[in-house]
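Here the protein sequences line up with chains B and V, keeping their order. Each residue of the first sequence is one higher than the one before, starting from 1 at the first, in this note's numbering. Each residue of the second sequence is one higher than the one before, starting from 1 at the first, in this note's numbering.
Don't read these hints as lab results, they were simulated from the structure. A few of these clues could be false.
[Said to hold, decoys possible] Here are the simulated lysine to aspartate or glutamate pairs, DMTMM-like style, with alpha carbons at most 25 angstroms apart:
| id | chain 1 | residue 1 | chain 2 | residue 2 |
| --- | --- | --- | --- | --- |
| 1 | B | K51 | V | D576 |
| 2 | V | K630 | V | D618 |
| 3 | B | K51 | V | E166 |
| 4 | V | K539 | V | E552 |
| 5 | B | K11 | B | E46 |
| 6 | V | K532 | V | E589 |
| 7 | V | K330 | V | E94 |
| 8 | B | K51 | V | D605 |
| 9 | B | K74 | B | E124 |
| 10 | V | K532 | V | E511 |
| 11 | V | K241 | V | E166 |
| 12 | V | K555 | V | D522 |
| 13 | V | K630 | B | E97 |
| 14 | V | K630 | B | D59 |
| 15 | V | K532 | V | D590 |
| 16 | V | K489 | V | E465 |
| 17 | V | K241 | V | E186 |
| 18 | V | K165 | V | E349 |
| 19 | B | K51 | V | E491 |
| 20 | V | K330 | V | E370 |
| 21 | V | K165 | V | E128 |
| 22 | V | K630 | B | E117 |
| 23 | V | K555 | V | D618 |
| 24 | V | K555 | V | D576 |
| 25 | V | K532 | V | E491 |
| 26 | B | K74 | V | D522 |
| 27 | B | K74 | V | D618 |
| 28 | B | K128 | B | D54 |
| 29 | V | K555 | V | D590 |
| 30 | V | K630 | B | E116 |
| 31 | V | K330 | V | E105 |
| 32 | V | K165 | V | E186 |
| 33 | V | K532 | V | D522 |
| 34 | B | K51 | V | D569 |
| 35 | B | K51 | B | E124 |
| 36 | B | K51 | B | E41 |
| 37 | V | K630 | B | E85 |
| 38 | B | K51 | V | E105 |
| 39 | B | K51 | V | D618 |
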Amino acid sequence: MPLSSHKTAGKILPLLIVGIVLLIGGAVYFLTKGSAFSNLETLPAEQYLNKPADFLGNDYAIRAQIDSQINWQKGLGRILAVTPEGSSMRLPVFVPESVGGNIHIGQRFEMRVRIEEGGLIYVEALRKY
Amino acid sequence: MLKRYASISLGLSVAYLTVSGQGMPSSPTPTAPVAQMGGSAPTSGLFESNTFLESANRVFDPTSDSMDFEDGSFVWKGRSFNLTEQRAFRARFERFLLASPSEDEEQYSQLMDDILERLSVANNNSDEAMFDTWELLFRASRFDSDGGNSVVLANQVFNAWRIRKESRGTAMSQRELEQIRVTQQEIVANRAATLRRIRENRLKQTSVSNRDENETKVDPDSALTSEDAFRALDLAETEAKIVALEAQTALTGIQAKIQFQSQIVSFFMQRRFQHALILSSFYQLIFKGSQQQLEVGKDELTAFFPNSDLTFTVDTMSFISREAINDVNKGVESVNSAYSEGRSMIALERLQETFFLGEYLPELNRIPTEQRRHMLDLYRGMIEAGELAESKDYAGVGELVESISQLASDFPKSRIISSLESAKSASDMAVFAASQYRNLGDIDQARAELQTAMEIWPLNPAIREFQQETTKLATAGSQGVQVFDDLMKREDARGIYERRLELGFALSDDEARRPLLLEVVDQVARIELLVKQSEELVKQGNPYAAWEMLAEAAKIGPDDGPLNRARADLAPRVADFVRYLNRADRQTEDSQYAAALAAYLMAQDVYPASRLCREGVDRTAALLMSVLSKNAAAVEVPETLE
Chain B
1 MPLSSHKTAG KILPLLIVGI VLLIGGAVYF LTKGSAFSNL ETLPAEQYLN
51 KPADFLGNDY AIRAQIDSQI NWQKGLGRIL AVTPEGSSMR LPVFVPESVG
101 GNIHIGQRFE MRVRIEEGGL IYVEALRKY
Chain V
1 MLKRYASISL GLSVAYLTVS GQGMPSSPTP TAPVAQMGGS APTSGLFESN
51 TFLESANRVF DPTSDSMDFE DGSFVWKGRS FNLTEQRAFR ARFERFLLAS
101 PSEDEEQYSQ LMDDILERLS VANNNSDEAM FDTWELLFRA SRFDSDGGNS
151 VVLANQVFNA WRIRKESRGT AMSQRELEQI RVTQQEIVAN RAATLRRIRE
201 NRLKQTSVSN RDENETKVDP DSALTSEDAF RALDLAETEA KIVALEAQTA
251 LTGIQAKIQF QSQIVSFFMQ RRFQHALILS SFYQLIFKGS QQQLEVGKDE
301 LTAFFPNSDL TFTVDTMSFI SREAINDVNK GVESVNSAYS EGRSMIALER
351 LQETFFLGEY LPELNRIPTE QRRHMLDLYR GMIEAGELAE SKDYAGVGEL
401 VESISQLASD FPKSRIISSL ESAKSASDMA VFAASQYRNL GDIDQARAEL
451 QTAMEIWPLN PAIREFQQET TKLATAGSQG VQVFDDLMKR EDARGIYERR
501 LELGFALSDD EARRPLLLEV VDQVARIELL VKQSEELVKQ GNPYAAWEML
551 AEAAKIGPDD GPLNRARADL APRVADFVRY LNRADRQTED SQYAAALAAY
601 LMAQDVYPAS RLCREGVDRT AALLMSVLSK NAAAVEVPET LE
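Working from the sequences, and respecting the hints, build out all of it.
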């Protein structure tokens, strides 16, 4: 019987270790993912509107409410007008089709954006808050 | 071309002078058709003018309905009196209005009343009393108001008395002749009896003896026959004299009666009603009751009683004369009442009727001097306004209407002003139509419309302006081509627009330049319209919408002077909005569509209703998507190749 008990314990332990590793890995993944928005600077909307070219190539986080949809093209994405928190001005943002799901007017999103050529605010990721 | 406009200018000048000289159009012309140029020109004719004239004739005719100066008659109780011509009546009426009641006239009035009272059948009608009354007529004749008619009346009475006296003398002669005739008849009768007795005696003697001697002696029988014949002749002569006297008496009586009655009728027809009444009273006292039936003036009286078969007497004449005097009394009362109530127009109309009927009656003196002067002013104003209306001097009529309405509160001022304005408008519309036709190059229609305008209102100032403008255009037309080319070279669209009228004339036959002219004029007209709309929006407190109008106009003609002045004036009030829009435009030009889109959104936040922003957002969003689409396609191709 002792021999069979050792055999059983030898099988359970690796499984337990794998489970713990997976658990830690998952936690690390989610923690890493959340810090992808929170670590970014918030886009200075006023400065951007006055001189968009100064912000080309930068990544920012934007917490904003959807004001309206300006344009949509199938397979490409949509251009939205959003109102950033703490601002009365609206910004145009492009949400690629691969990023956005169902987006409704009035919803609030936290977005990770990059300022692309021509001053385009390109949304790389977003999530509701 | 130049000749054609010179022709219209000259032709119209001649037409204007002709019509002005005549004072009024000779005959109405048919209504001209409607001109078309960006709208319909008015249809004008003589309807308005005629309406005004009819209205003016009614309003400014101070005479009453009972007066007809065309027939020269005045109708009272269905009877026409001779009014003579209007000018003469007006002179007499104005003389009355200028005169003041005098003490003499008051005394004359009392004297005439006294004479009438004395002749009343209720008073003493002895010959002596009648003679005393008759003498009063000479006193009455000394007054100016009497006009010597009392003397005529007195003479008529005297004539009747003389005829009556002669008639008495004739009656005496007739009685004497009748006595002679009786005597002569007796003598003739006695002679016949004597002759019969002698014949009987002779027959007895002749049968007894001296039959032979009969042939040698004088026959006494023949002597008696001759005397008898003479006596019979005397008797016949006497009888003839009696018949002649009787005939003479009858004739004299008839003559006296007819003369008397004729004078009564004459006084009546002259509207000397008091004199007619006095003479009628004398007649009734002088002639016996069986002589009261009228032999003359029956036709005149029949007019007062058209549907009756009455036997007209001197009493009838008295009755109508008294009726006329009563009517004048009532007329004077109504004039004074209307005047005291401020109804001067009614007072004037009634006064004219009353004046004409009672011109020679002292009752008219109850109208005070001040009232007469006021009505004289009103009467003169009405006459003058009527004459001005006839000559179509509407400006003059308008001024007089004001002064007349101050004199008479019941004057229908609004009615005449309304008619006046209608006529003026009709003339103005015709001038406008003439301008439209002229601008279209339809000279005949332009001339016809101008003719119509002149017929309605010859003194219309717009006619002179039209002529001056036409002359100016005709002169400028010759240089039009050169001017247009210069302006086009300088791209001075506004300059072309401002001289469009003369250039239109000059280039009306120029197939190459005319379309260019129309295009430029259309562009500037649209700019002009937008600038005007912008001004209106600024007044309404909407500067952003105003700016959008100007921005729209700038797309048509960005170099237009008045437009840029308007933009410069408005820009400070919409600075933020303009700044964002300008930035959006600039970034669009640089293909920075995302930045342009952001600028449009900012501008839209300033003025959410902005059409420019809405269109800009749509446009730049589409451009942006287009670029993104191209970029996406460019990325996919290398991946596919890999």
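Checklist entry - Holds or violated: are the alpha carbons of B/K74 and V/D522 at most 25 angstroms from each other? => result With Cα atoms ~44 angstroms apart, B/K74 and V/D522 exceed 25 angstroms; violated.
Next on the checklist: Please verify whether V/K241 and V/E186 have alpha carbons no more than 25 angstroms apart.
Outcome noted: The hint holds at about 18 angstroms.
Item to check | V/K555 paired with V/D576 [C-alpha distance capped at 25 angstroms] | outcome: Satisfied, since the Cα-Cα distance of roughly 21 angstroms is no more than 25 angstroms.
Item to check | Restraint check for V/K630 with B/E85, where alpha carbons must lie at most 25 angstroms apart | outcome: With Cα atoms ~32 angstroms apart, V/K630 and B/E85 exceed 25 angstroms; violated.
Item to check | Agreement of B/K51 and V/D576 with the hint, judged by alpha carbon distance not exceeding 25 angstroms | outcome: holds, 16 angstroms
Next on the checklist: Check the hint pairing V/K539 with V/E552 against an upper bound of 25 angstroms on the C-alpha distance.
Outcome noted: holds, 19 angstroms
Checklist entry - Holds or violated: V/K532 with V/E589, Cα cutoff 25 angstroms? => result Judged against 25 angstroms, a Cα distance of about 30 angstroms means the pair is violated.
Checklist entry - Is V/K630 within 25 angstroms of B/E116, Cα to Cα? => result Roughly 15 angstroms between the alpha carbons, so the hint for V/K630 and B/E116 holds.
Checklist entry - Would the pair V/K630 and B/D59 pass a check requiring their Cα atoms to be no farther apart than 25 angstroms? => result holds, 23 angstroms
Checklist entry - Within 25 angstroms, alpha carbon to alpha carbon, are V/K532 and V/D522? => result holds, 15 angstroms
Checklist entry - Within 25 angstroms, alpha carbon to alpha carbon, are B/K51 and V/E166? => result Violated, because 143 angstroms separates the two Cα atoms, which is more than 25 angstroms.
Checklist entry - Does V/D618 lie within 25 angstroms of V/K555 when you go C-alpha to C-alpha? => result The hint holds at about 19 angstroms.
Hint compliance for this structure: hints 3, 5, 6, 10, 15, 16, 18, 19, 26, 28, 32, 34, 37 and 38 are broken, all remaining hints hold.
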